[in-house]
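Asks: As they're listed, the protein sequences go chains X and D.
Residue 237 in UniProt numbering is what sits at position 237 of the first sequence, and the numbering runs on without skipping anything.
Residue 340 in UniProt numbering is what sits at position 340 of the second sequence, and the numbering runs on without skipping anything.
For the record, the hints were derived by calculation from the structure and aren't laboratory data.
Just so you know, these numbers come straight off a predicted model, no measurement behind them.
Heads up, the beta-carbon is just placed ideally off N, CA and C, and yes, glycines get one too.
Just to be clear, a hint being listed does not mean it is correct.
[To be verified] Covered stretches of chain D (in silico footprint by chain X; criterion: 3 or more residues with CB under 8 angstroms from a CB of chain X, positions within the stretch not fixed): (1) 253-262; (2) 329-339; (3) 358-364; (4) 375-382.
Residues per chain are reported as follows:
2 protein chains.
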Amino acid sequence: MDLPGPGRRSAGVPADQATIRRSNLSLVLRHVSESGPCSRSAAAVETGLNKTTITSLVGELQARGLVKEIGPQHAGSVGRPGLALALDGSRVGALGVEVNVDYLAAFATDLAGRVLADRRIGFDAMGNDPGRSLDKLAQVIGKTVADLGRLGVAPAGITVAVPGLIDTATGTVVIAPNLGWHQVPVADRLRSAAPDVPITVDNDANLAALAEYRSGVAMGTPNLVYLTGEVGVGCGIISAGRLLNGADGFAGEAGHIMVDPAGERCGCGRIGCWETKVGLAALVRMATPDHAYGLGQVVRDPEERLAEMEQRRAEGDPRVDAGITEVGRWLGRGAAMLINLFNPRVVVLGGYFAQLADRIIPVAQTELDRLGMTAATSRCGFAASDLGFGAASRGGVHVVIERVLSDPTTIPIRTS
Amino acid sequence: MDLPGPGRRSAGVPADQATIRRSNLSLVLRHVSESGPCSRSAAAVETGLNKTTITSLVGELQARGLVKEIGPQHAGSVGRPGLALALDGSRVGALGVEVNVDYLAAFATDLAGRVLADRRIGFDAMGNDPGRSLDKLAQVIGKTVADLGRLGVAPAGITVAVPGLIDTATGTVVIAPNLGWHQVPVADRLRSAAPDVPITVDNDANLAALAEYRSGVAMGTPNLVYLTGEVGVGCGIISAGRLLNGADGFAGEAGHIMVDPAGERCGCGRIGCWETKVGLAALVRMATPDHAYGLGQVVRDPEERLAEMEQRRAEGDPRVDAGITEVGRWLGRGAAMLINLFNPRVVVLGGYFAQLADRIIPVAQTELDRLGMTAATSRCGFAASDLGFGAASRGGVHVVIERVLSDPTTIPIRTS
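Could you put the whole structure together from the sequences, leaning on the hints where they help?
Replies: Below is the structure:
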């Protein structure tokens with residue numbers, strides 16, 4: 001008889017009993033996570049593992065505080081109903097934090113997805129040097145970890161979202177123009193805030209794209225492009241259900257693509273970057289010219305700027321709608337480029353694009369229809385994000401949970 | 001004791017004995033393919049399967065004509081040397097064909113990679129309607145399959161490369177502007193040429209990108225962009241070792257991205273498409289203006305045009321070098337866009353870009369350094385393809401072989 005082997009593992013990876021055990025723990029945990037409460041028998045059928053193995057694996061997952069038993073499960077079980085298996089939300093959590101131009105944010109859930117923390121505080125990251133900003137972020141992390149601790153939950157990991165180019169391998173910010181950061185070793189600098197918790201760093205738009213895929217308006221759409229209108233433009237791409245990272249984690253840098261060789265100079269020094277057409281600074285400059293922001297220059301208090309625009313529009317200033325129309329046109333042009341290259345099903349708009357969606361999207365759609373390859377654009381539409389400022393830190397939480405599901409042995413067995 | 005289970009299989013896929021068996025057949029075949037000849041004992045150690053299982057799996061792979069035994073293998077084997085396992089190249093092959101503007105091509109290897117057919121014939125696909133072109137391609141397929149048959153090799157599949165947008169799910173060409181094709185059910189039309197052989201259709205540049213990754217100048221580079229200069233511009237992207245398809249297989253359509261809002265009208269009807277700057281028609285128009293090709297219009301005999309340019313350049317006509325410089329500049333601008341978005345390690349140039357590489361690359365590199373995000377461009381360079389016109393059909397062969405490695409049960413057990 002042919003014993004089931006570690007069939008789906010990728011060739012080349014050496015398989016010893018430990019790696020097989022680890023992958024089977026992941027298989028069972030992922031199944032419970034994706035299918036919801038289920039009996040051991042159901043888990044055995046679905047995973048193809050025999051009941052002896054399942055029992056042993058579940059015992060270990062319980063000891064690691066990842067799976068718990070809940071009241072008898074009749075549905076689908078054969079013969080005597082057993083207890084159902086469910087994710088254990090009592091002890092293991094995930095934390096995502098974000099540092100952006102004018103705020104710090106923290107979002108935390110337990111393994112079962114229950115929201116345990118969701119805070120955002122105004123902070124002038126541009127006006128402070130990286131050291132002071134990271135000290136402040138470390139305080140937010142420390143406070144949130146302490147809050148989770150009081151609930152008996154320990155974070156399995158922390159993901160830090162930063163609006164810039166991140167060397168994900170080392171957790172170093174290579175450059176974050178809108179923060180004025182250059183070669184900042186973020187992961188190392190934050191280590192002391194949570195000494196025993198693994199810290200990873202990623203681009204804010206990449207993490208927000210992941211959040212849209214896992215829990216936003218485009219939930220479950222494996223091919224999507226996320227665009228966020230901030231001072232600059234952020235972009236994250238989900239392709240075939242995976243975040244597109246590229247060779248170094250730099251993929252999706254759409255803001256500084258030259259879209260107009262005859263355009264103005266960008267804050268980055270180049271000419272005609274997309275950011276100079278659709279970034280918030282560009283809109284402010286067009287809609288309220290008396291706020292003389294240089295292109296690519298930081299816009300203080302984006303919320304106030306937008307509120308002021310609405311005010312002036314109400315007063316009949318035509319430049320506001322004209323500016324929004326111009327942004328919509330260039331947003332459509334850039335979207336046509338991205339749709340030709342990535343062939344997504346949806347382009348999710350975040351940041352100020354989402355706040356002005358009802359006026360920006362119709363203009364962008366018209367331009368998209370004119371410029372995009374019909375075959376791809378006809379099957380793709382715009383959608384406004386509803387995750388707000390929490391998108392990136394929420395995506396950070398998904399990164400941590402995904403890592404736990406991939407290797408449950410990273411969570412220690414409870415000794416007490 | 002904990003029996004090895006089908007650990008790495010993705011959650012959700014129901015695992016019965018048949019699927020586990022199939023995945024283990026794939027595991028062993030892939031191991032033999034990637035590691036080269038190895039003993040059964042070595043295969044058992046590497047795959048984590050026990051020897052009883054290996055023996056049973058190898059027996060089936062032999063019966064399917066996928067694996068064979070070769071002379072005793074001493075290296076690494078313990079105790080009495082056993083026979084080594086190797087891919088069996090005697091019966092199972094793969095066929096890739098291509099229809100392009102002015103030629104048809106066919107490339108075939110056996111499972112072990114031995115080249116069995118490599119032919120290219122001039123054919124005016126633009127001057128013939130799709131029906132006649134596919135009839136001619138069917139003849140090429142029929143002849144090649146017959147040649148393989150005489151060698152005792154049966155193709156496990158056929159991949160058809162077409163320069164256009166392909167609905168890969170149905171094998172239909174949605175649109176191929178340079179062939180004048182629109183909604184052509186290629187797979188269905190070719191079925192009769194090889195009734196029992198599965199036929200898939202894909203974009204020529206996508207397949208060429210795969211060929212570069214598997215066997216070209218960028219072999220083994222998991223993040224690469226392939227650009228080919230033809231009448232238009234073809235683009236294929238390999239990201240994290242996978243061909244980027246997008247939601248419908250339309251990803252990588254770089255040729256009709258608007259790079260110059262103030263540019264000329266493209267053959268597609270849009271303004272300032274990248275193709276109008278770097279396509280062969282654009283170069284011919286700049287270098288030899290008396291050949292008045294309309295933009296996006298088909299260039300007859302590309303080889304003759306290029307030879308003629310070299311002739312005029314030798315005669316001292318400055319317009320040739322000027323045209324090549326202008327193409328190089330716009331190639332660098334487009335490459336900057338693609339590198340910002342995909343963060344590849346290398347941009348492989350095919351088609352006429354490769355033929356003029358020594359003059360185009362320096363100009364493109366200068367423009368790239370000026371316009372691309374430094375972090376990504378500094379770790380990426382250009383490379384000229386050496387696969388020539390065979391790239392797409394060669395990539396088609398890799399697609400077929402990959403499918404066999406993924407599911408060996410698609411190859412029937414020899415009854416004789």
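Asks: If a hint holds in the structure, say so; if it doesn't, say that too.
Replies: A quick look at each hint next to the structure:
Only residues whose beta carbon comes within less than 8 angstroms of a beta carbon in chain X count, and the stretch 253-262 of chain D has 9; three or more means the coverage holds. Look at the stretch 329-339 of chain D against chain X: 4 of its residues bring a Cβ nearer than 8 angstroms to a Cβ of that chain, three or more, so the hint holds. Counting residues of the stretch 358-364 of chain D whose C-beta sits closer than 8 angstroms to any C-beta of chain X gives 0, which falls short of three, so the coverage hint is violated. Counting residues of the stretch 375-382 of chain D whose C-beta sits closer than 8 angstroms to any C-beta of chain X gives 4, which meets the bar of three, so the coverage hint holds.
Checked against the numbered hints above, the structure violates only hint 3.
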